[in-house]
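Peer 1: If you want the building blocks of each chain, they are given just below.
There are 2 protein chains.
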Amino acid sequence: MGKKTAKTRQSKETQVLETFNISKHENFSEWFTKIVQIAELADMRYGVKGFLVYQPWSTRSMKKMFELYEAELDKFGHDPVIFPSVIPESNFQVEAEHVEGFAPEVFWISTAGSTGKLEERLALRPTSETAMYPLYSLWIRSWRDLPLKLYQSGKVWRYEGKSTRPFLRGREFIWIESHNVFTTMEEAKAQTREDMQISINVMNGRFGIPFIQFQRPEWDKFAGAVHTYAADTLMPDGRFLQLPSTHLLGDNFSKAFKIEYMDDEGNSHQAFQTCYGPAISRIFGAMIAVHGDDSGLIFPFEVAPLQIIIIPILAKKESTKVLKYAEELKAKISKMGYRVMIDKTDRRPGEKYYFWEMKGVPIRLELGKKEAQNNQVTIFRRDTKEKSVIEKNSLNESIKTISKVLNTNLKNRAQEFFNSRLSRANSMDELVNDIQARKMVKIPWCSIDLDGEECAEQIKDQLAGAEVRGTDVQESETPSKDDKCFICQKPAKCFVYVGKQY
Amino acid sequence: MGKKTAKTRQSKETQVLETFNISKHENFSEWFTKIVQIAELADMRYGVKGFLVYQPWSTRSMKKMFELYEAELDKFGHDPVIFPSVIPESNFQVEAEHVEGFAPEVFWISTAGSTGKLEERLALRPTSETAMYPLYSLWIRSWRDLPLKLYQSGKVWRYEGKSTRPFLRGREFIWIESHNVFTTMEEAKAQTREDMQISINVMNGRFGIPFIQFQRPEWDKFAGAVHTYAADTLMPDGRFLQLPSTHLLGDNFSKAFKIEYMDDEGNSHQAFQTCYGPAISRIFGAMIAVHGDDSGLIFPFEVAPLQIIIIPILAKKESTKVLKYAEELKAKISKMGYRVMIDKTDRRPGEKYYFWEMKGVPIRLELGKKEAQNNQVTIFRRDTKEKSVIEKNSLNESIKTISKVLNTNLKNRAQEFFNSRLSRANSMDELVNDIQARKMVKIPWCSIDLDGEECAEQIKDQLAGAEVRGTDVQESETPSKDDKCFICQKPAKCFVYVGKQY
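Just so you know, the sequences run in chain order A and B.
Quick note: the first sequence uses my numbering, first residue 4, plus one each step.
Quick note: the second sequence uses my numbering, first residue 4, plus one each step.
One chain only, chain A, in its complex shape (with noise of 0.2 Å):
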């Protein structure tokens, strides 16, 4: 961290100290706003709807996120790529159904300099399928070439009709997609599966979000998809929020796009596709929505923007020789990789605890004149609050046990509440009270399929918004004779989890 953050804060401080201890199970809405605000993750006063200036705070921590998720994709065999942020208005329109969808979406660029009208319009992407499928229709030529797995991260921009919500919802926002092409249908599906897990594997195993991996009903999936499949995680306030969704394209895009592959035996086929979104600015909001107490942001060790502070209790006489302690136990610090600060502004040892808190930053080290004296260091790890004293040479083993059990417990605690908001409805007035109570609801339903939209229209009428979110993709359980759609009656077919979106 630069010397900045410590100085913005100076000017800011009373403020801060005054204000923030909101409740965010009891008023979740007034929490995500205040801390956004107070711990300088991001400004809303930009001037254009839907469009956010992402501070350092956050900007620290989205680009870790990026790091863990690439590293990731990496692992899986996908190749970084960059594209154009434009697409012309001809690629755009390519696929019909997709285009259906997005057009409502999209900013467009029609003039460029003083006086020049281009020659077609540019679309600002909304998402990259058309920007890139033309290029692997040239890139593409023998079974040799695939798989093709690229990704790549940047922005995207969608003219939301919605109410846009900081991190949330924008009209624009940061993520990576996956792009991927395979000979068969078998290989593509099985790529859908593989994004899955790795939303598992860093959504969950590095961020600790919890979450139900959903494949989403006909009338609810991507626009150009075969199938959709959609992790929910849930609001401090009991609502659905979408996470990274991963689409089984199938050849609707590799139709429009003439992404063909020949045979060893020069016979030519028509390629099978995937994509896969995890938005990042989006999951950064989740993630702080989920982990945050009342006092403010708790990030997990490695997504952490600053992971240890240091502070120094400087009574006047030893000051010195604390502050040499301080700047010792730092630079040790630093050594071992960790993102270390001291807090030398002239505040008081409270104040600091509390902004610091407030800020989210998981350890912190509090040295005064008895720890410099007696090669000590009082630690401190924001998830449970807990304070001990440890010896000096015990620290990085410290540091280690507290970066693993605060992930594990902030983890742990997410998905106990996660849990603690699903439940099972036997009937129409039991799913009733259950949305009342602001949970995730799993009932027995007639089809996924466009035949059970008509249902599901009235769900949302009858519940007040509630949606029907789709399959648990995991699910093990099968509907027996008695299990009826509560809405027409008919056998049921599935389950399906219902419940109220952000």
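Worth flagging that the hints you see were computed from the coordinates, not collected in a lab.
Just so you know, these numbers come straight off a predicted model, no measurement behind them.
It is possible that some hints are incorrect.
Note that the list lumps identical chains together, so a pair holds whenever it fits in one copy or between two copies.
To be verified - For lysine to any residue, the following SDA-like pairs were computed, each having C-alpha atoms within a straight-line distance of at most 20 Å:
#	residue 1	residue 2
1	Lys390	Arg196
2	Lys67	Gly340
3	Lys261	Lys407
4	Lys319	Asn204
5	Lys67	Lys78
6	Lys388	Tyr357
7	Lys192	Gln461
8	Lys120	Lys165
9	Lys165	Thr118
10	Lys388	Asn415
11	Lys158	Phe79
12	Lys66	Trp178
13	Lys158	Trp178
Dock chain B against the given chain A, drawing on the hints supplied.
Peer 2: What follows is chain B alone, placed relative to chain A:
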């Protein structure tokens, strides 16, 4: 690297091996165009002028370049942010000189969705001063908030009139831009010197690119700046290429955007600003142009997409043993933290050698029956094409050594070429000759203030477009009484360099 890279090239291999042998110095333009295509750095067939598709081989290298550059900025106390890619027209218009300079290059967004006309046109940012400074004005209240040193990595878009070249000049490019605010002009000046030091540390120190940093003449500075300092390197054909520039903005923008701070006594002051913009895509283009040879690319070790390629030489008999040995070494090297791959394709070893030399991989390990039996490795370095046989247990040390000497060698030979193209002219005739010989020529000069512009125009006219690049910021020589401007014959105030621009 994923499995993908090896597979793609299989089907393209024959073509590659037949064709790549081009004299870089005699035919740079062809060399550059061909290597971009054959090494699969970028695809120029996207269909929108000046917009490029960056393929994995360049993307991986540029990601490392970003990483090293950002780490250096962090070290100097800069913090990362992410600002929107669009700028409301009213903000864009605020600083008069700036808008005059950039307006001809702006892509404009004026509609969204099927019907939605936007309330205000949005500029696709060509640079981010007018995006960031309105927020700076909100963030900066007192001297305690300064210095503010923020940077962002991302794309910018400029509707360039000039002909575009992959990496070197396009309408969309990727860069880092650093925007800084200070209480005094002196601090701002110091920041421009720090920026120039960062250019030296990273571009020369890590990427091995030689350059001179110039103070640009008054008629050739950034729109809205007090002074512009820019690094120029030299392409193999003897033409200048501008690399990062840092701009002393003084209080031009802070007046326009009301960026003010209170001192300790409550008095309000205008702040002083700088900005700095290393364009990674262009620096990548310069790096490959500077280091490549007639056989293809040569990457500095740190930024190589793949650092070590292992070629197993499989005689029928011992192939299992050799492959096992290759896997053992790969695992070992991977553990050391290097990017390594085994080429397991069924091509002949000689073909593989040429291929990976063309791709610029710094180190090649050749493993045959003999090596496997004797626990040895044949190690090849790309820059000098030297081979030697080493013991397996000295592999770690050999890689470390070669990675260092290869970097030093690349840097030194690039500097030697650069120096060989510098000259000093004492008369107009000498200048004409040296420019014809494709040199960067130092000459005595009347003035880099506006009163020198007319002479610079004459230089352009008389020397087929050669330009006055400015004064070397490291220049120690001052003109003697006898030094006169070749054009106006007035006493020289300074020395400048003249050359043709890429």
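Peer 1: Does each hint hold? Answer for all of them.
Peer 2: Hints versus structure:
Taking the shortest Cα distances, Lys390 and Arg196 never come within 20 Å of each other, neither inside one copy (42 Å) nor across copies (45 Å). Taking CA atoms no more than 20 Å apart as the test, Lys67 paired with Gly340 passes in both settings, with 14 Å inside one copy and 18 Å between copies. For the homomeric pair Lys261 and Lys407, neither the shortest alpha-carbon distance inside one copy (49 Å) nor that between copies (47 Å) is at most 20 Å. Proximity of Lys319 to Asn204 under the C-alpha cut-off of 20 Å is found in neither arrangement, the shortest distances being 50 Å within a copy and 41 Å between copies.
In the homo-oligomer, the alpha carbons of Lys67 and Lys78 lie at most 20 Å apart both inside one protomer (17 Å) and across protomers (17 Å), since each shortest distance falls under that limit. Taking CA atoms no more than 20 Å apart as the test, Lys388 paired with Tyr357 passes inside one copy only; the shortest distance there is 11 Å, against 60 Å between copies. In this homomeric assembly, Lys192 and Gln461 never come within 20 Å of each other (Cα to Cα): the closest approach is 32 Å inside a single copy and 67 Å across copies. For the identical chains of this complex, Lys120 and Lys165 are inter-copy neighbours only, at 17 Å across copies versus 31 Å inside a copy, given an alpha-carbon limit of 20 Å.
Proximity of Lys165 to Thr118 under the C-alpha cut-off of 20 Å is restricted to the inter-copy arrangement: shortest distance 16 Å between copies versus 34 Å within a copy. For a Cα distance limit of 20 Å, the shortest separation of Lys388 from Asn415 inside one copy, 16 Å, qualifies, whereas the shortest one across copies, 55 Å, does not. When the C-alpha separation of Lys158 and Phe79 is checked against a cutoff of 20 Å, the pair qualifies neither within a copy, at 23 Å, nor between copies, at 27 Å. Taking the shortest Cα distances, Lys66 and Trp178 sit within 20 Å of each other both inside one copy (11 Å) and across copies (16 Å).
With identical chains, the CA atoms of Lys158 and Trp178 are at most 20 Å apart both within one copy (6 Å) and between copies (14 Å).
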